[in-house]
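Asker: Residue numbers (full-length UniProt numbering): 1 to 222.
Think of the hints as simulated: they come from the structure by calculation, not from any bench.
Even for Gly, the Cβ is constructed at its ideal location relative to N, Cα and C.
Worth double-checking, as some hints may not be accurate.
[Claimed, not checked] If you anchor each label on the Cβ, the simulated ranges turn out as follows:
no. : residue 1 : residue 2 : range
1   : R192      : T12       : 47 to 53 Å
2   : R15       : D102      : 38 to 44 Å
3   : E191      : P39       : 48 to 54 Å
4   : A106      : A43       : 42 to 48 Å
[Said to hold, decoys possible] In silico SDA-like cross-links for lysine to any residue, where the CA-CA straight-line distance does not exceed 25 Å:
no. : residue 1 : residue 2
5   : K123      : K185
6   : K123      : E109
7   : K123      : T134
8   : K185      : L202
9   : K185      : D156
10  : K70       : A43
11  : K185      : A207
12  : K123      : V180
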Amino acid sequence: MYERLRVDRSTTVDRVVDALRAALFAGDLEPGTPLREQPLAEALGVARSTIREAMTMLVTEGLAVREPNKGVSVAILHPDAVADICRARFVLESAGIRAWYDADEAARERVREAMRVFAATAKDGADPEALTETHLAIHRSLVALTGSERLIATADSVTGEARLALARVDALRQDARQQVASHRKLVRLLERGELDECVEELRRHLAGAEESLLEAIAMPPG
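Whole structure, please, built from the sequences with the hints as guidance.
Answerer: If you want it as structure tokens, here you go:
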């Protein structure tokens with residue numbers, strides 16, 4: 001009986017997290033917005049304890065931050081963090097690129113599949129959350145070529161800080177086909193075994209991402 005109760009409660013928390021995450025990616029909750037337990041509990045028709053658990057999950061994902069004596073609020077990506085995040089991503093993802101020949105075929109296929117899913121998502125005109133998630137899945141698959149769970153976890157942590165800003169970038173871009181083409185070029189260079197060229201293309205790609213992120217977080221809300 002108790003196991004069933006735990007499963008049901010977990011499902012409720014997951015639904016609350018999904019609802020809050022959707023609001024964050026849609027821009028309904030702007031960076032810095034306080035996430036108050038009682039109003040959220042009333043709006044979603046759940047207990048405050050469920051809201052607390054959901055907010056803990058959002059903090060873990062990097063979508064919210066918890067500050068002593070202030071509570072939880074929507075994460076803000078500061079300009080001085082952007083360059084550091086992009087540098088870290090380059091180190092992690094370039095390590096994956098250089099591990100292409102050492103990676104097993106399953107890992108290489110995950111890169112190809114991530115590319116296919118991103119292209120299909122962009123073509124369908126998906127919402128910012130779906131577009132960002134499939135976009136980031138490609139970069140995660142590059143790190144996964146290293147075969148290191150610790151490096152993958154590090155990459156998830158680094159990227160988590162920028163997810164909301166990345167979603168805004170993806171939403172503001174007028175032509176998702178350009179992004180698809182850019183990522184296809186990375187994968188094509190991998191397939192050809194042109195690893196040095198692929199690393200340089202990644203460097204250019206992340207430089208563009210850094211510029212776009214800075215523009216996105218500088219824009220006023222709305």
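Asker: To test your reading of the hints: which numbers does this structure violate?
Answerer: When the structure is compared with the hints, none of them turns out to be violated.
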